[in-house]
Structures are given as structure tokens and as C-alpha cells.
Amino acid sequence: MNTTHIIGVFDSKMDLLAGIEKAKSNNFKIDEIYTPYPVMEAIDALERKSRFTLAAFFYGFAAVVGVLSFLYWTSVIDWPINYGGKPTNAFPSFIIITLVLTILTITILSLFTFSIRAKIYPGKKYILPDERATDDKFIVLFDKKTAGGGFEAISSALKAGGASEVYEKEL
Amino acid sequence: MYKAEVRGPLILGNKDYRQITSDIIAPIDNPTPGWWKVALAISLVMASFGIFALYYTVRYGLGTWAVNNSVAWGWEIINFVWWIGIGHAGTAFSIFLLILRQKWRTSINRAAEAMTVFAVGCAAIFPAIHMGRVWLAFYIFPYPNTRGPLWVNFNSPLFWDFIAISAYLLISASFWYFGMVPDFASIRDRAKTKAKKAIYGFLAFGWTGSTKEWLRYEGLSYVLGGIAAVLVVSVHSIVSTDFASSVIPGWHSTLFPPYFVVGAIFSGFGMVMTLMIVIRKYYHLEDYVTASHLNAIAKILVFISLIMGTAYATEVFIAWYSGNPYEMFTFFHNRITGDYSFMFWAMVICNAVIPQVMWSKKVRSNITALFIISLIINVGMWYERFNIVVTSLSKDYLPSSWATYSPTWVEIGIYIGTIGIFTAGVLFFFRFVPMIAISEVKSVLKPTEITEKH
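Here the protein sequences line up with chains A and B, keeping their order.
Residues in the first sequence are numbered consecutively from 1, following the numbering used here.
Residues in the second sequence are numbered consecutively from 1, following the numbering used here.
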């Protein structure tokens, strides 16, 4: 179901940050911010947090344990081979392959995690409030129902922050 | 307080965000230039010749190559190492400079990553075809073999190589692709035709540029960047252990891993320089790939060239200092002098001597000179691999089995074919993909403006 949104358009990062500050000081709830490049201050303003690096660490940890166990099983339990009298559990020579397979595992799982968490995948139906957001504009989006203010109030706050235009749109 | 400007502005010409998008997308929007079609036709002819040579190898076997019992590794392994080396710079650029937060990488990383993907793809052809029976290549996958049961040898550097290169190809391709997703969205949202909107819309994976997406995107970049930095070092170290773990004179050296890694980055940066000069010239992107960018690459090259020179000198010194007659023979009678002395001196002059002219600022700001030097470096690095592979194998411990080696047309054909595949790939990249990372360049626009004002 479509809902009415208020959209603030900014021309630069500095204006955007001033606009966000104004909206926050008036207790307006920002729904989302769209930018042409990553703006860390905007991400912080919406208090968004990611556990991506933590997930990657666990993938790596699981891969190290998994690969070393697998190598132990193939080399010692399933089919031990005597390479010139070397011990079957030749741990130091397992390290490189463990490192490389760990990197491979982290890569594959991180890509899937990104795709799932950021919802970025082929054929995705997306809603982009203003197409200029991927070009040269910084867009701040408010859901009219939950924003905590009417169009006039939000519009004047954003314009005081430097918004170049503010308009309403059904999304 | 006095503050020296280490680098000039990263973007010239007082651009705004919209102008950046337009400039970088222009080659995709504009009609295909005539030179592009000619270049593609030449590349495809070369690639076809290579594919025919590959077919010929598979049809008639490795007897069509000039490799023999002594020189069992010929052009195929030389070219494999050469391509892998070139492939390294893409990751080196993107990842080391990303981790070191070097903003000047933004204009160059995309092309460097594209180069990596095509170069590693070309490299992968050689070990596969070198197996002789390429249709049995799946034997190297680690699965319980119903014919055995026998596992692959997990202690073998050749097996490490297989896994490392597969991982490297995957990680560099995904790093490259996900880097392009926001730029595909920019093209999608500016597209005027339905077909273009649909194609780039599909490629953009529904990207909108929301904070949710950027947050995870940054996380992914740093995770992939961090682990790929380890991979860059480990892949070429592993390639070097293919050599170093043998007892062949000239190979059996602990110098090999760093020597290979640095050499790889050297040849890759050389190729990046070649590509960037072509891009800025033919696509008029001089405002983005500035003289300051090329100057920075040249400085890195001159530094790495010194390391290469030191490595060459170290090898010769250790051969003498060890007192090992086989090592001494290899270096003094089969490299510095002897049948292959031309290759040795070509390597030294191209890699360690000629790049030293880039100490001069005049040379570093002369684009033609930089272009020629970058090509010389790539030729020199090919000779380096020839030196390592062929000279050591041709004359080892048993004089009765000494042999010389020069390639057949089939081996030359496969090499020419990979150059064709690489250039065709790069040309398609020029035509259909933003050559410069639009969103990343936008993120460095402000510091440039500030630099200009002060």
C-alpha cells in the first residue's frame, strides 16, 4: 500500500548534514537517507549499526576449524600416506591451504551476507524516492504518518538547513 | 605553519557531482568510436589464433610444444606467472591503498581491478592446458576418488596454487563487481532508453544508495579488502614455492616469495600505467586521471624497481657466497653469460636500470616517456620469468640431459591468444562499464575543492 512521504533534496553533503541537524533538533523522525556516495555522518545520524565484520570473523573462525579438521581426517584417519617418513599429521604444511580456503570461505559467505542484509540481488524490485539520489542529490525521506510533524513544519526546517527543494510523494 | 602539498588536486576543472557522472558515463552513452572497433577486431583475431592453438594442443597433445624432458616448463609457465603478476596490481591498488586510505586510488582502482580479473582469467588457462589432458582437470579437486580412494596431496604447492588462484579470481571479480553496483545504478537512473534502463537496472541489483546499503557496502569493502590483502601476498608466494620447493639451481631460494610478490606488483603497476594513459588520452579523462596520479604511480614504480635491482643482485651474490658450484654455474655461466645472457641483461636493463630515469620530475611529467617505460617494464618482467623458468631447467646437474629451448608456433599462438583475450576484455570494459568509480570519485571531490581554494 502506498504511503505519503516527504522528500527533502540537498545539493551538497554540508547542506545535508545541516538539514539532518535541523530535523533532529525539531524531533522529526527521518525514515531513510539516500546519497550518491557513502556519507558516514548520515549513517550515524540514523544510528545504523552493522555486525558485518563480526560475522566475517566467525566465518573465518569456523573455516579455520573446519579446514584443519578436514585435513586431519583425510591425512590421518581416512587415507594416511607416508611421504618419505614425514608424520601424517604434517601440521605446518596444512597452514597455507587453511589460510587460502579460509579466505575463500569468508569471501563467499560475506557476499551472501551482504546480499541478504543489504537486500541487493539481481532482479530486485526497488523503491528510489528520487532518481537524482544516484547522481548529484542527497535525499532525506520522511514517512508523513510517523515523521512527527506536517509538511509545512518539516519543509521549513529542512529549508532552514539548506534544502534546495522539499516535496511530497506517494511511494 | 608551512604545509607542503604532497599531491596536486585529485580532480581538475571545478566539477560538480552531475558533471562527474556525465564525464565518466560519456563513453557508454556516446557512439562506439572507430578506433575501438579496429582494436577489437585485432584482439579477436589474436584471440581466435590462440583458441586455434589451444585446440591444436588438445587435439595433438603436448608434443606440439617445444618443452622437453629437461625444460618441462616452457612459455606456458612463463606466461602464467607473467599474467598472474599483472593481475596482482589491481588488488594491490584497490586494497592496499584502500586500507591505507589513499584517496588518489579512486580514479584508478576500477581499471586496475578490471585488469586483474582479465589477467587472472588469462593466467588460469596455462596451468590447465599444461596438464596435457585438460579434460581430466577435475582430478585436482579434493573429492574422495572412487578410483582410489585417494585424496589430492594437500601438501603440494601445485594444489595450493589451484585453490589460491580460484579464490583470487573469485575475490577480485566480486570486489570489482560490487564496486560497480552503485555506478550501474547511476547509469540506470540516467538512461534514456528502456533497454539500457533494463540492462543496467539488472546489473545494479536494485541499488538505491540508502544508508542501510552504504553501511553494509562499506563493511563488505573492508572485509574483502582486508582478506584480499593477505591473499595478494600469499598467492604469489605460493606461485614462488612451486619453484622454490624444488632442488633446481636458481630456484631453491628463500628469496623467492618476496621477490615474486614485489615483481608481480611491479609488472602490474606497469600495466596499470599503460592502461590509465590510454584511458585518459582516448576518453578525454585527463581531469580525473591527472598528471599527479601518474606521478604517484611513477614514484611507486621507481621504488619497486630499486627492490627488483636489489633482488637480482642478491641472487647473484648468494650464488657466489654459497660456494655451491651448481648455483654458481647457473648464474655466472647460464644467465650472466651463456645461451640466455640476452634474456638476463634484458631483464636487468628493463626492470632495474631504465625505470631509474623516473627519478627525474621531467620524465615523470612526460606522458609519452611514462607510457614507453611502462611497456618496457612489462617486457622486462616477461624476460625475468623466462630467466627463472628456462635457464635453470635447461642446464641442471646432469650435463647429458642439458637442452636448449625455443617455443613452437603453438606456444607462441597460445600467448598471443591470451593477449587478444585480455585486450578484448579491456575494450569491452572501456565501452560498457564506467572506467572510473563514480561514487568514489564524488567522495573525494570536496577535499580537492578545499585544496584549490587555499
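Worth flagging that the hints you see were computed from the coordinates, not collected in a lab.
It is possible that some hints are incorrect.
Computed cross-link-like contacts, PhoX-like style, restricted to lysine-lysine with a CA-CA straight-line distance of at most 20 Å [as the list claims (entries may be wrong)]:
no., chain 1, residue 1, chain 2, residue 2
1, A, K24, A, K119
2, B, K15, A, K13
3, A, K125, B, K197
4, B, K194, A, K124
5, A, K124, A, K24
6, A, K124, B, K212
7, B, K212, A, K13
8, A, K13, B, K194
9, A, K125, B, K103
10, A, K49, B, K15
11, A, K29, B, K212
12, A, K125, B, K15
13, B, K212, A, K119
14, B, K197, A, K124
15, B, K212, A, K125
16, A, K159, A, K22
17, A, K125, A, K169
18, B, K15, A, K24
Example chain B residues on the side facing chain A (calculated, C-beta under 7 Å, incomplete) [claimed, not checked]:
no., residue
19, A164
20, S174
21, D189
22, T193
23, G206
24, T211
25, W214
26, R216
27, L220
28, S221
29, A229
30, L231
By construction, the Cβ of each residue, glycine as well, lies at the ideal position given by its N, Cα and C atoms.
Results for each hint:
no., hint, verdict
1, A/K24 with A/K119, "violated, 27 Å"
2, B/K15 with A/K13, "holds, 15 Å"
3, A/K125 with B/K197, "holds, 13 Å"
4, B/K194 with A/K124, "holds, 17 Å"
5, A/K124 with A/K24, "violated, 32 Å"
6, A/K124 with B/K212, "holds, 15 Å"
7, B/K212 with A/K13, "holds, 17 Å"
8, A/K13 with B/K194, "violated, 31 Å"
9, A/K125 with B/K103, "violated, 33 Å"
10, A/K49 with B/K15, "violated, 33 Å"
11, A/K29 with B/K212, "holds, 16 Å"
12, A/K125 with B/K15, "violated, 33 Å"
13, B/K212 with A/K119, "holds, 9 Å"
14, B/K197 with A/K124, "holds, 14 Å"
15, B/K212 with A/K125, "holds, 16 Å"
16, A/K159 with A/K22, "holds, 9 Å"
17, A/K125 with A/K169, "holds, 18 Å"
18, B/K15 with A/K24, "violated, 31 Å"
19, A164, "holds, 5 Å"
20, S174, "holds, 6 Å"
21, D189, "holds, 4 Å"
22, T193, "violated, 15 Å"
23, G206, "holds, 3 Å"
24, T211, "holds, 5 Å"
25, W214, "holds, 4 Å"
26, R216, "holds, 4 Å"
27, L220, "holds, 4 Å"
28, S221, "violated, 9 Å"
29, A229, "violated, 10 Å"
30, L231, "holds, 5 Å"
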